[in-house]
Amino acid sequence: MKFIHTADIHLDSPLTGLASYGDAPAEMLRTATRDAFTNLVNEAIEEEVDFMVIAGDLYDGTWKDYNTGYFFCREMGRLNKADIPVYLLFGNHDAESEMTKKLSLPPNVHTFATREPSTFRIERLKVALHGRSFKEAATTENLALKYPERVAGCLNIGVLHTALEGNAQHAPYAPCSLAELSAKGYDYWALGHVHEHSILQKAPCWVVFPGNLQGRHIRETGPRGAVLVTADETGILSVERLFVDVLRWHHVIVDVSSAQTLADVVQLAGKALERLVSENLEGKPMSARVTVMGRTIAHGDLFSMEVHLRAEILGQAAAVGIHKLWVEKVRVETTPAADPNDIKARADAIADLQALLEEAPKDELLLRNLAEELQQLVGKAPFELMDAVQDFKSIRAGDVVQIVKTVSPSLIAHLVKAS
Amino acid sequence: MRIARLDLLRYGMFTDRSIALPHRSVDFHMIVGPNEAGKSTLRSAILDLLFGIETRSTYNFLHPHSEMRLGAKIEHDGKALEFSRTKARTRTLLNPSGAPLPDNVLAAFLGSTDRKFFDQMFGLDHEKLVAGGNEILSASNDIGQILFQSAAGIGSLGEVRDALEAEADGLWARRKSADRLYYAASDELAIAEAALKQATVRTKDWVAARDVVARLEEQLEDSRKQYRGLEETRIRLERVRRVAPILNTLREKERELAELGEVTVLPPDAEKQLTDAEIELAKAGQEYALFAEQVGAIQDQLINIKLDEQLLNSEADIQALTERRQQVRNHESDIVKRKLEIDGHWQNVELLIRQLGWPTEDEVRLRSRLPDVPLRAAIANLIKGHSALALAHATAEQAVRDKDIELQSIDEQIRGLPVTTVSASLRSALAAARALGDVDAMERQLNSQLASARRKLKVARTGLGQWDLELQVLQNLELPSSQEIDELRQRQTTYEASATTLSERAAELRSSIRDQVLDVAQYREAHHPVTWAELTEVRGTRDIVWQSIKSGATPLANAAPDYEAKVQAADGMSDKRHDKAQEVSELQAKQDSLQRLQQQACDLEQRIAKNGAEQLSMQVEWAARADKIGLPGMPLLAMGAWREARESVLHAAAAVVDAESALDELTRKATDAKLVLSAALAGEASETDATEMLEALIIAASDAVEGAAKMKVRREELDKQRVSGITARATLEDKAAAAARALKAWETSWRENVVRAGLDAESDIGMVEGALSLFASIEKALGAIQELRKTRIETMQRDLQDFEKEATVLTNLLAPDLKGQSSTEVESEIARRLVLAKADQKEWERLSKELLSKQAKAADALGRVNAATAGIQPLLTLSKTSTNDALRVAIARSDQWRALNEAFSSAKRTAQDSADGLTLEALDAELQSTDVSGIPVTLSDIGRQRDETLAQQNALSADPANANTELSKIAGQDEAARAESGRQDALAKMANAAERFIKVFTAARLLRWAIDRYRETKQGPMLTRAGEIFSGLTLGSFQKLVVDFESEPLALEGQRADGKLVGIAGMSDGTRDQLYFALRIAALELHLAQSQSLPFIADDLFINYDDARARAGLVALSELAQKTQVIFLTHHDHLVPAAQSVFAGNVNVVNL
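If you're matching them up, the sequences are chains A and B in order. Numbered as in this note's numbering, the first sequence ends at 419 without a single skipped number. Numbered as in this note's numbering, the second sequence ends at 1152 without a single skipped number.
There is no bait here: all hints are sound.
Straight line, CA to CA, 27 angstroms or less: simulated DSS-like cross-link-like pairs of lysine-lysine:
id: 1; chain 1: B; residue 1: 456; chain 2: A; residue 2: 362
id: 2; chain 1: B; residue 1: 204; chain 2: A; residue 2: 135
id: 3; chain 1: A; residue 1: 329; chain 2: B; residue 2: 176
id: 4; chain 1: B; residue 1: 116; chain 2: A; residue 2: 417
A short list of chain A residues far from chain B (calculated; beta carbon distances all over 12 angstroms):
id: 5; residue: 2
id: 6; residue: 196
id: 7; residue: 398
Which stretches of chain B does chain A cover? Using the computed rule of at least three CB atoms under 8 angstroms from a CB of chain A, they are:
id: 8; stretch: 978-984
id: 9; stretch: 1004-1014
To be clear, the hints were calculated from the coordinates, so they are not data collected in a lab. Glycine included, each C-beta is placed from N, C-alpha and C at the ideal position.
Modelling step: build the complete structure from the supplied sequences, incorporating the hints.
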């Protein structure tokens, strides 16, 4: 028998951090999470799986559009036509969503109850699925403890939306330990909530996070999808990944220590992007963050011509992967080639300026004035930018020391170049 | 560092030109040359000398790149280095003897200065001066920018700052504008949010839409049900009305069938069958008689034809004989021609035999005389092998001669090699010197450390201010403890704080008193209150008049008017006082308050005086203490910092001592190593110079050791070559002997084979090659003769014999009557007879075929007669009749029954078709239960009700359709998701703009702040010094430089002798250039105070100056020349006297 285990679909959740520009494949990716889910349903039908398990977070909790629910029903209808039952467990996001309770699902979709753990049995396959949905988002009790005993003579699958014990990246919902899960004596734990794929434990008691279906920002890099599980009544035979994502996120780190000029940096970045495209054998669209780093003579130019650098790198991206490659951001994290002691040794006006700038983080009046001016921007910005722009939080707190410390060496490098 | 001598060895237009720049107390050197004399070359040469000749140097027009060379002697801190510079990738520095110097040997003289920085800081020319003046103007009134640009020698600070500010402004500013990236993205965000709101369908919207659809569909279904009921009734009544007449017809036909009675039913086509059979019988009988007659006639013709079977059977043999006759037709004439060809060949053979010198014989004998093939092949092989053997023999002998010459050469080389050895002492001295490592680098490092330590000490000493005491004194000072100083400072701070607080309070009180006085005066002015004193005074005046009247001093009549006036005034005043009682009270309160304030002020003054006295006493006490310590005049507040400065000085002094001892140690070791190595080299009779650097000695020693080793290797190699040469010669001699033997053997074999071939034993190779060719030709001709006889003539004769034989056989078999005739005539006659026999056979076959056809047609006609008779028989049997007429009557009855039965079935079918699926019985029952006459009225009634229901349905059906349309709009569309994606897109753009804004805005702000601070720290010393230089340059037209603190940003101004201030914009171009020059020189002097000195190159600076101003410029440079070397390049001869005058004749003038 074969079944698909998926979780954290977050239908219609947007891709964040992508600013569109001329050659970016923007329109193609507006519905990425939907397209990934459709791909998954296609796979299920083509593979003729026996059933599908969804371990929570079908929707984004705050997302209000009912069309999303309708779309889900439509896809479930396709599985119904192919006689593929679906076992659906609601996670914290689903509990928060107003759609969850009102949506009339096709008859092949079986939802786990919220009040207490329930069990679905598939007699034909000798399979028992145990699970309990979230009633409310902030569920912090250990749900696994009350899951029923294993059903003898069946393949037992536990379905659970959990952060396990202390996953720092995710809210600590329905915490439990691997030992507690193992103690239940199930054959397979189909988990959800953590977005990274991991197989925490294998036979006799498999514990698997399939990862989320589609990476949505730069913190979710690499291939994404569900898992295809092959089993018989004696246990699990194999767990394979099914990559159904429609856009893949990559962080391209380019060492530009050898670069003398901005053009050299662009050329190095272009080569890195070319390598990325040539390694992309599946030909899926990609979103790349390009971070240039290293100690380089070009640091001053990179600081002053960051906008130009971005335009050039976008050009490189268009050249190597038109309509397939989206540059999410170009980050300049280089350091100046001349170390502060080299500048100091010049003993000239630039050296004097450097010495003065080193004192800037101690000048209360300067810091206060700068913070007040920057707060004008932060104060009126939409709330979502607080997460998107790293410096906003410190500016709001009136702390601009780090900004000053970061900008000063770049400014000096820029002046050295200009001189 | 300074340049003591510059050697332009091969550079630009110069060849072996040396320029001496000897050290003087004022290190100024004037290099004079007309334009094109090479001043620019000189400036470039100094840069190339110090930092390497540029890859694409343009100074190669006389000496190519590979030969370009510069040299110099440079000095620093009492050390000197002589070197030359070549153009190459590495090792471009050489010592005077041409040995390479380490690439970093100049580091000790140049510090960390690079080419760009040196050119920027220590180079100034007319263009830079003018550009600097312009930049001062464009920096307008920003002193910070002017100072920074002048000191850094760059002019782009303003551009940098403007670019940063412009970029920040393009990203975000407080004022919203669609041109700013952040706001453009923000507008996109608003659009996307509106689209999201528009596209989002809330769950409750969907639930409401679904409920509306359900309710409307229920109402519609009720209406449809009612409609269906009416329709059913209408259909039933119409059915009854439709089927009633059909049912009546059905009953009528049933009755007629019963009346016809029992009938034998014959097939519907019985009548036709009977008629057809009678016609067929007549036609078939007639045909049979005709065909029987034709069969008889054909049989008679066949009997008359006779066939010759034997002739026909032999057809193949006759054709074969005819073909063979065709083949042999020309054979006899051909045989005659071939014999003539054979004669021709033989004549040719006889010719060849004569060339060989052999006798003319018959063909058989000639064949036996020809040499056989193996012998001819052996002779050919000998001819082929001869040249190779002869060549091998000659080559082997030449090789032996060559080897002899080679051995002779090796012997000469060995004799010519010198005998060299190196002493162990040189080897050990070299090893010891190398073990010291890179002495120069270490020395430079230590020197650098020492210089750094000394600079630090010097800098530290500046912290001591006027109390800069000897180190020993500093060391032994007994300073008060830091705790004690802190307490004293605390006390002083307390006094100062009290004084400040008290003074502020006093000032506040004075201000309050002034306010109060003013308040009283203003109050009095506004309200004119009448005080008791005023009233008393008016009453007193009145009473005086009264007393005067009472005493009679003044007659009543005279005094009355005055008295009345006084009484009125006093009364009026009294009334007024009564009316203004409140104001009077208020005024009094204000005056009381004023008195209190004055009292407080008085108290405060006393407290201030007391605090001041205590503070003064403490200061006196501290001054006495400072004198005692040995630091007269040291302010208490400065004491802490001075203590720290003293610590720094002591620390720095210790560092200097450490660095000096490390350097001494290194120098000692290096000197020892140099002595030992130098002595060892002298022992080897090497040419050594005791003044060489250690590095050069090491290289010389290495060369000696390596040279000796190379000689030894060379000798060993030559010995090896000699031994192997002798062995090789013996082998070559053996090879030569073998080659001679092989040639001899060949000659013997040659003679034997030539004789065997029937040729003269002494025949040479050419003759034998000719004979071999003749042998081949004879053999070819004999072959051709034999070929003609065997394959042509004999074959044709055999064919002619075969033809005769076959003709005889056929004559005997088929035509004995032709015996005796020629084979050709026999063949012709037999062929003619065969043609006639074949024509008879063809006619016989045609008649046989026609006979068979006629016989078949006769049989067919007879069959048809029998079939027609049999066809009528079943009808006769079925109708139980025996004649055709009786059969016709039976057929007529059967047809009548069939017609009735058909009419009945048709009526039944019609009834069933209109019965809507009901049985005939049910239809009957339905007809019986219905009043047929009332049906039209009932139907009309139902029609009306149906129309009403339909109208209701129509009205209802539009609503669910609309509601469904609304519901179906919610079909899983992705507009909201797309709008949200667009929203994130806009947010990302805003984030990008904001991130960049934070960077560039901060950078712009920091730059402004830093330049402001730079101004604060530098404007004092730099402007003072620059002001002095500027005053000199302008011949006192300007006295000094001042800052206009009232303007924002602060502006720089020049102050005239009469105190008048002139802004930069108000200065002439020339004055601005002078100002820039003054600032550059001041900045350079400040720079030199804290870092290593380097030569300052001034290139034609004063070209626009008159003599007086140029002289002033030279004065400014003379002051700089006391701090560092100044090389002044000019093409103005007239500056020389000016310089001589400024430098009192003590100036080095070099004419190019």
